[in-house]
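Turn these sequences into a full structure, and let the hints steer you where they fit.
There are 2 protein chains.
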Amino acid sequence: MKKKLGAKPLILPMPALLVGTYSDDGTPNAMTAAWAAVCCHRPFCVGVAVRQSRKTFANVEFKKAFTLNVPNTSLARAVDYLGIVSGAQEPGKLEIAKLETVAASKVDAPIITQCPVNMECQLIQTLPLGSHSWFVGQVAEVQVSEEVMDSDGVIDTKSLDPLIYITTDSKYYTVGESVGQAFSMGKTLSR
Amino acid sequence: MKKKLGAKPLILPMPALLVGTYSDDGTPNAMTAAWAAVCCHRPFCVGVAVRQSRKTFANVEFKKAFTLNVPNTSLARAVDYLGIVSGAQEPGKLEIAKLETVAASKVDAPIITQCPVNMECQLIQTLPLGSHSWFVGQVAEVQVSEEVMDSDGVIDTKSLDPLIYITTDSKYYTVGESVGQAFSMGKTLSR
Numbered sequence: 002m003k004k005k006l007g008a009k010p011l012i013l014p015m016p017a018l019l020v021g022t023y024s025d026d027g028t029p030n031a032m033t034a035a036w037a038a039v040c041c042h043r044p045f046c047v048g049v050a051v052r053q054s055r056k057t058f059a060n061v062e063f064k065k066a067f068t069l070n071v072p073n074t075s076l077a078r079a080v081d082y083l084g085i086v087s088g089a090q091e092p093g094k095l096e097i098a099k100l101e102t103v104a105a106s107k108v109d110a111p112i113i114t115q116c117p118v119n120m121e122c123q124l125i126q127t128l129p130l131g132s133h134s135w136f137v138g139q140v141a142e143v144q145v146s147e148e149v150m151d152s153d154g155v156i157d158t159k160s161l162d163p164l165i166y167i168t169t170d171s172k173y174y175t176v177g178e179s180v181g182q183a184f185s186m187g188k189t190l191s192r
Numbered sequence: 002m003k004k005k006l007g008a009k010p011l012i013l014p015m016p017a018l019l020v021g022t023y024s025d026d027g028t029p030n031a032m033t034a035a036w037a038a039v040c041c042h043r044p045f046c047v048g049v050a051v052r053q054s055r056k057t058f059a060n061v062e063f064k065k066a067f068t069l070n071v072p073n074t075s076l077a078r079a080v081d082y083l084g085i086v087s088g089a090q091e092p093g094k095l096e097i098a099k100l101e102t103v104a105a106s107k108v109d110a111p112i113i114t115q116c117p118v119n120m121e122c123q124l125i126q127t128l129p130l131g132s133h134s135w136f137v138g139q140v141a142e143v144q145v146s147e148e149v150m151d152s153d154g155v156i157d158t159k160s161l162d163p164l165i166y167i168t169t170d171s172k173y174y175t176v177g178e179s180v181g182q183a184f185s186m187g188k189t190l191s192r
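Chains as they are written, first to last, in my numbering: chain A, 2 to 192; chain B, 2 to 192.
Hints are supplied without guarantee of correctness; some may be wrong.
As the list makes no split between identical chains, a pair holds if one copy fits it or if it spans any two.
[As the list claims (entries may be wrong)] Distance condition first, Cα-Cα at most 25 angstroms in a straight line; then the derived DMTMM-like pairs of lysine to aspartate or glutamate:
1. K65 with D170
2. K159 with E178
3. K159 with D26
4. K9 with D157
5. K5 with D151
6. K9 with E142
7. K172 with E142
8. K188 with E62
9. K65 with E101
10. K4 with D25
11. K3 with D153
12. K99 with D151
13. K172 with D162
14. K107 with E178
15. K172 with D157
16. K65 with E147
17. K5 with D157
18. K9 with D153
19. K172 with D153
20. K159 with D170
21. K9 with E101
22. K4 with D170
23. K3 with E101
What the hints contain is simulated information worked out from the structure, not anything from laboratory work.
Set out below in structure tokens:
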């Protein structure tokens, strides 16, 4: 039996990413975002929802650029802190979270050094929807820590150890066991 | 050390959802989508990227509605199949995947009965980006299987057992262990 719960945004699971931006005076900022996704293949685009009151919102509008950074589970406390506190109230939030930044190589935004995967994004569309706008960035470059890649340059999921966010219990999780290979296991189904 | 990999859309992790739609003649269809996210809080909106060639694309444009359905890991093989095969080539794909549908309560789209969470979405924006368009739906209703809720009506993550997709190794995973409570564990950080 199904039960109706009203309107709730239950995407399960979600990532727990850090959005890196520079303010107009060049101060780096980072905000946690679970509301993000790939939104196009050609060109490669990613989108992220940002609330108008966030410092990140003003920064993206000003610099037309942002980074999406994939943290590992060891950064969970810092990730949570960066989601609770806005750079509008605490400009030193990155320092408090003990996170370091370096300028991205192709866009005017900072990457978070400790995050093993960093996507550099150029803003190409802004979609105002209400409390949030959906910022679409074209991916210009990706940087990945050598420590999470195997000898063939393939990113190893266990080494990467990405942080998962489950919105229904508001908890962070690790990735569990593999249940199969995509674009493969479904091929056994047929009429 | 970081290594540059060029432009890649590395959101990690991703969900593995089923997008439910009706065609113009009322035939139910479902497509797997890992490229989906919440994109607004007020009103509650979710977005999903769909390639123009997909039957789902025509269906959403025609009916102005879709559902996002959260499968559990027992449905991994069916989910993978629904991602490989388009309803444009195989109108009977739901039958082959042994999935059943029922009409959503508030929008003109089918929900996938076996998925424990179903979001009913009314199309409010379409953002063409290139190979894909980003469909934004306002969430009209959510239906959840009673089996995945505890006695207080809270969705239990272990019972829900949502499917995770990791794009870098193209594998499906289970949710692992909890690493902390969101909007809480970060509060211990301060100057």
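Evaluate K4 and D170 at a C-alpha cut-off of 25 angstroms and name the case that applies: within, between, both or neither.
The answer is within: 18 angstroms in one copy meets 25 angstroms, while 35 angstroms across copies does not.
For K65 vs E101, is the C-alpha pair at or below 25 angstroms within one copy, between two copies, both, or neither?
This pair counts as within: shortest intra-copy Cα distance 22 angstroms, inter-copy 45 angstroms.
With identical chains treated as interchangeable, where does the CA-CA distance between K9 and E142 reach 25 angstroms or less: within a copy, between copies, both, or neither?
Cα proximity of K9 and E142: across copies only (7 angstroms, versus 34 angstroms in one copy).
Should K3 paired with E101 be assigned to within, between, both, or neither, using CA atoms and 25 angstroms as the limit?
between (46 angstroms within a copy, 14 angstroms between copies)
Is it within, between, both, or neither for K172 and D153, if the alpha carbons may be no more than 25 angstroms apart?
between (34 angstroms within a copy, 18 angstroms between copies)
Between copies, within a copy, both or neither: which fits K107 and E178 at Cα up to 25 angstroms?
Answer is neither: 36 angstroms inside a copy and 36 angstroms across each miss the 25 angstroms cutoff.
Up to 25 angstroms CA-CA - D157 versus K9, copy category:
Between copies only: 16 angstroms across, 34 angstroms inside.
Between K5 and D151, at a C-alpha cutoff of 25 angstroms, which is it: within one copy, between copies, both, or neither?
Between copies, since 15 angstroms is at most 25 angstroms while 46 angstroms is not.
Same-copy or cross-copy closeness of K9 to E101 [CA-CA at most 25 angstroms]
The answer is between: 23 angstroms across copies meets 25 angstroms, while 35 angstroms in one copy does not.
Homo-oligomer pair classification [E147, K65; C-alpha up to 25 angstroms]:
Neither way: K65 and E147 sit 29 angstroms apart in one copy and 45 angstroms across, limit 25 angstroms.
Alpha-carbon proximity context of K159 and E178, limit 25 angstroms:
The answer is both: 10 angstroms in one copy and 13 angstroms across copies each meet 25 angstroms.
Within a copy, between copies, both or neither: where do K5 and D157 come within 25 angstroms Cα-Cα?
between (39 angstroms within a copy, 16 angstroms between copies)
The structure fails to meet hints 1, 3, 8, 10, 12, 14, 16 from the earlier list, while all remaining hints are met.
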